[in-house]
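Using the hints, build the complex out of the two chains.
In the order they appear, the protein sequences are chains A and B. Residues 1 to 59 in the numbering used here are what the first sequence lists, from first letter to last. Residues 1 to 527 in the numbering used here are what the second sequence lists, from first letter to last.
Simulated from the structure, these hints should not be mistaken for lab results. C-beta: ideal position from N, C-alpha, C; glycine also. Treat the hints with caution; some may be incorrect.
[Stated by the list, open to error] Okay, the calculated bits of chain B under chain A, using three or more residues with CB under 8 Å as the criterion: (1) 322-331; (2) 388-395.
[Unchecked claim] Using 20 Å as the maximum straight-line C-alpha spacing, the simulated EDC-like pairs for lysine to aspartate or glutamate come out as follows: (3) A:LYS29 with B:ASP230; (4) A:LYS29 with B:ASP392; (5) B:LYS61 with B:ASP10.
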Amino acid sequence: MTDPEPLFDALAAHLDRIGEDRAPLFLAKAALALAVALNDNARALALLEGCAHDLERPA
Amino acid sequence: MRPAGRGEHDSLYFTYPRFAAPKGPRGAPVPVAIVGAGPVGMAAALELARHGQRSLLIDAKDTFNDGSRAICLSRSSFHILERIDALAPFLETSLPWTTGRSFYRGQQILEFAMPDSADEKFRPMYNLQQQYIEQFLWDAIERCPLIETRWQTRLEGVQPTPHGATLSLVDPDGAYQQPADWVLAADGARSTLRRLLGLRLAGEAFEGRYVIADVRMAHDYPTIRRALFDPACRPGGTVLIHRQPQDLWRIDYQLAPGDSADDATREGAVRTSVQAVLDEIGHTGPWELEWWSVYSANTLALEAYRHGPVVFIGDSAHIVPIFGVRGLNNGLADAQNIGWKLALVLAGQAGPGLLDSYTPERRGATLDVFANASKSARFMTPPSFGTALMRDAALSLALRQPWAGALANPRQMAPHTYADSPLTAPDAGLESGLGGPVPGAMIADARLEGGFLSDRLGPLFTLIWFGTPPPMSHPLLRLLALPPGTLWEAPEGSAWLIRPDLHVAGRWTFGDAAGILSWLDHLLERP
Chain A
1 MTDPEPLFDA
11 LAAHLDRIGE
21 DRAPLFLAKA
31 ALALAVALND
41 NARALALLEG
51 CAHDLERPA
Chain B
1 MRPAGRGEHD
11 SLYFTYPRFA
21 APKGPRGAPV
31 PVAIVGAGPV
41 GMAAALELAR
51 HGQRSLLIDA
61 KDTFNDGSRA
71 ICLSRSSFHI
81 LERIDALAPF
91 LETSLPWTTG
101 RSFYRGQQIL
111 EFAMPDSADE
121 KFRPMYNLQQ
131 QYIEQFLWDA
141 IERCPLIETR
151 WQTRLEGVQP
161 TPHGATLSLV
171 DPDGAYQQPA
181 DWVLAADGAR
191 STLRRLLGLR
201 LAGEAFEGRY
211 VIADVRMAHD
221 YPTIRRALFD
231 PACRPGGTVL
241 IHRQPQDLWR
251 IDYQLAPGDS
261 ADDATREGAV
271 RTSVQAVLDE
281 IGHTGPWELE
291 WWSVYSANTL
301 ALEAYRHGPV
311 VFIGDSAHIV
321 PIFGVRGLNN
331 GLADAQNIGW
341 KLALVLAGQA
351 GPGLLDSYTP
361 ERRGATLDVF
371 ANASKSARFM
381 TPPSFGTALM
391 RDAALSLALR
401 QPWAGALANP
411 RQMAPHTYAD
421 SPLTAPDAGL
431 ESGLGGPVPG
441 AMIADARLEG
451 GFLSDRLGPL
461 FTLIWFGTPP
471 PMSHPLLRLL
481 ALPPGTLWEA
491 PEGSAWLIRP
501 DLHVAGRWTF
511 GDAAGILSWL
521 DHLLERP
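Only chain B is shown next, with the shape it has when bound in the complex (with noise of 0.2 Å):
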C-alpha cells in the first residue's frame, strides 16, 4: 500500500517499467513453461539458460512486484547469482551486513555477528529491495536469447497430456493454448497453479502479524538489524529495524492480538505507528512514508512440490516468516536446484529419476526453516502464557547475564544439508574423520591462490582432488586437483565430489576414480 494520491507502483526512488503485451506468434510447443516471472521464476529461467535450456516466463503483470517485500539476500543466494550471471549489479547496490543488535526495553541486551571471514567470497546477508532484486534478473534475462518472456499473459488452466501440460492462457490479443513438457510453478504464495491442481497448503498459522513499513529518512546508523522487544512506542510487542539502499528504511512491528489489519493498516495508523518507533530510535529528521504490507508469521508447505510435469518454486510451495529471512533465499534455492537437474533431464545427460529428489531436498530445506521458525517465533510472538512469561524472563536476566541474551539469538539459517537426499553418497569419510564439508552440506568457499574455491568450481559437477588425480574423465564434470591440505585438512588421495548448487555429493577419504565415476551416473542416471 502506499499512502493517499499515489498508485500501487508510485514509488518515491524507482521507477517501475511498463512491459508491453506479447507481440508475434504464440502456442508453439516449449520444454519449459515458467508461470510467474518474480524472482524465483527469473532465476529459474535464467539456471535453465546457463545448462542451455530454453524456457518460456509467463506473467499476468505489466511490470514487478510492488513495493520493497523480500529484502534479505543471504551468502548462498549471492552464489546463486553469481552462477547465473546476473551478481554485478547486486554486488554494487546493496547493502551487506553481518550483524544484529537486540534490545529490550530500550536497553542492549545481545549483539550477534554471523559467521564470516577472508575466506568467504560474500558476506552473510545482503540488504536490497525485492524491485532491484527483480530489475537485476530482468536485466539478465533481457540479455539471454534462450528465454522468452510474455507479460500481460493471465493462466487460466492446465491440462496433463501425455508429454507434459497445455496452460489455457489469456492475454489481451485473446486466449489460446500452449504446450509444455515441463512446467515451473514460481506464481506466489497466492498461486494460480496450486489452485487450479487442487492442492493446499499445510501446516501451523502463529499468531503474530506484523507491519512492514518503509520510509525513507536521512538516519544515521549502519547495516546492523535491530529487535526491539517490549520497546516503550509498543509495549509487549516487537520491532525489527533494517536499513535499505537510497535512505530506505524498513520498519516491521508487530500488532496485539486484537488489533485489527485494516484498521492497523490506514495509512493514518501507520505514520502514527512509524513515528513512534523514529521516536524510540532517537531520529528527530523529517520522513516520508514510501510503501507499506501487513504479513503473517506462518509455516505452511505443499506435501510434494511436484506433481507430474508441473514443479512448485518459491511461495507456491511454502510460506515461512518473514523474519527468519528464509522465503525468498529457499525460493531461489528451489529455482538452482530443479533447475540444474531439469537441464540435464532435457538435455538426455540424466535420467528423470532425476528429479525426484527435488522434493524431498527441498522440502526438507522448508521443514529446516519451520523448526528454526518455531524457536524464532516464541520470542517474537511468543504462542502462550508459559513461553511469553519465559521470554520477558530471559530478556530481563539478560540485561545483567549475556548468557540470556543468546537466548534473543535469532539464528539466522545456514543452507540446509542434504543428508537424506538420494543424491548424496553415503559418507566415506566419516570412519576415517575426515574433515571438510559433509555429504549434502553446501561447501563453505575458500580463498585460494589467485581468488576462490567458488571460481575454480566448473558449471555442472567438479571433483576435488587432493593430491595428483588418477586418469579420469567424465562429460559433466571438472577435475579440479589441490595439494593435500590446501582445504579442510585433506590428506592425499581424497576427494569431494560438488555438485552444481555448490553441495557435496559425496566424499571419500581414499578416493577411487571408477567408485566416484560410478556414483555419478547412479545420481544422474536415477530410474
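Just chain A, with the same shape it has in the complex (with noise of 0.2 Å):
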C-alpha cells in the first residue's frame, strides 16, 4: 500500500487554502478525478460507499 502521509498533507493543505465555502467543490472534483483515474468503477464504487458510513458523530 502506498504512503498516505503525503496525501493526507496535500488535502489538508488545500482544503486550508480553499476554505470552507468552496471545499464541498473541490472534494467533489478530487473524488470524481481520482475515482476516473483509478479506472476499475467496481472499486471507486465501493471505496465511495464505504466513505459514506460514519459521518455522525456517535451519540
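Structure (C-alpha cells):
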C-alpha cells in the first residue's frame, strides 16, 4: 500500500487554502477525478460506498 | 409574446397569412379528420395523401402558430419531409449544423459533432423557424387535392359511433356535426380532444423553466449550438444560443427557482436578460426583439396514444423538454407512423390490428426521450443538491480534463429502435453475426451509384436483397437487388425488409422468399 501521509497532508493544505465555502466543490472534483483515474468503476464505487459510512458523531 | 405595440402575429420578417372561414358544404362523412393544422397535423395529412387517402384538416385559428417555437429539424425529419414531397423549400431555407460547443464560466469545455458522413443525404440537424416549417408544409398541402382544410373551425365535442366518431364543430357560419371513420388529435400540448375524452398526461415535471427569445441582429458566428453553463450573465443558470435563418438568433435562458415567470416575461426584463447574454458573447451591435415565450422542462405522456377511433400524435400525446429537440421531430415521426398504417387499413391492404403497433412504437420513442431528458436535465437544470454539486465539479474539471466535458454532451438523439414492436421480426441475422441495421432500427442512408439508398426505396415496403433475388412479388413490396457487400458487409443472399418509415421490419442472413413474404403478410394482416 502506498504511504497515505503525503496525500493526507496535501488534502489538508488544499482545503486550508480553498476554505470552507469552496471545499465541497474541490472535494467533489477530487473524488470524481481520482475515481476515474482508478480505471476500475467497481472498486471506485465500493470505496465511495465505504466513505458514505460513519459521517455522524456517535450519540 | 411580442414587444409593446405589436400584435401576436406582427413579425419583423414573416408575413402570417389570413385564412378565410370555410365556404361550401360541410358535414359529409370523411375517412380521416385531423384536428390541428400545425406541423404534425399537416404532415399526417400529407403522409395519408402520399398513399392515396383523403383527409379533412381543421384548425380553430386563421393562421399559423405565432413565433419560431420548434426550430431544430433532425435528419430523420428531413427524410419524412422528402417522402411527403415537401422537402425542397426546407433545404433552400434552413441552416444545417453538426456542431455544438459548451462553455463553463466563459471558457469552452467541449465541442461535439453529431455523426455525419458523405453516406448521409441529410445533415444531422437543420435550424428553421416553425412558421416557415408550417408555411412549407402548407404549400405542399395546397398542391394536394386529397386534403381539405377548414380554418376558423373549432372542436367542441366528440361522440364515438359504431364506425368512428362524430365531431361537433363550430365555424363563423354556425355549428355542425362532422362524422369521420378516424380522428387524429394533432391539437397540441393543450389538446381539446384529450380534455373531451377525459385523458390526462402523466409523468414528471422538472424544476427548470426557460425563457426563449428571438432577436434579429447581424452577428458573426457559425451555425453552432452554444450552451453556456454558469455564465456571468446568469450565475448558476444555463443559456442556449441557436442561429436561425434571416439573421434571427434564438436565446434560451434559465430562470432561477424563485423567479416569477410573469415578471421574467415582461418586455423590460426580457430586454435586460438578452442584453446581458449578448454582452457575454461579445455582441456589441444593435439588435431587435422579435418574439419570446416561456416553457418548463416537463416529461409527460399519455398512457395510450390510441383510444378507439381517436389517435393522438405530437404534443397532444407527449410533452418533452425543449433542449432535447425531440418535440417536433418525434411529432413528425408520429404523423408518419400512423399515416402509413392508417392509409393501408383504409385501403383494405392491412387489417386494423396494424394500428395496435402505433402506441408501443411511438410511446416507446417518447420514453426514450424521457430517459435521455433526465440525463440532459441533470446538467441543464440539476434537480438536487448532489447533482448540482457534481455538475459543477464535472464542468470545473472539464476546463482541464476533456473526459469530464463529455459528461456535458447533450447526446442528440438517434431515432428510436422499434426492437419490441409487434411488427419487428425476430432477428434472423444475430447468430451468424450479420452486420448492418438491426430489426426495428431506422436505416442509415448510404451513397449508391447515382444517388442514395433512400432514393431507391419504394413508397411502401422495400426488400433489399444482396445478390440475385429469387422470383417473388407482393403488391406493396419493391425489390431492390444490390451486389453483395455494397452495404453493411452484407453477404450473398442476405436480405433486409424496410418499412415505409425507413425502419427495418426484419433481416435475414439467408433470405427465403416465402418466409419474408409470410412475415410481411403477418404484419399487415394482424388480427
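Item to check | Hints the structure fails to honour | outcome: 1
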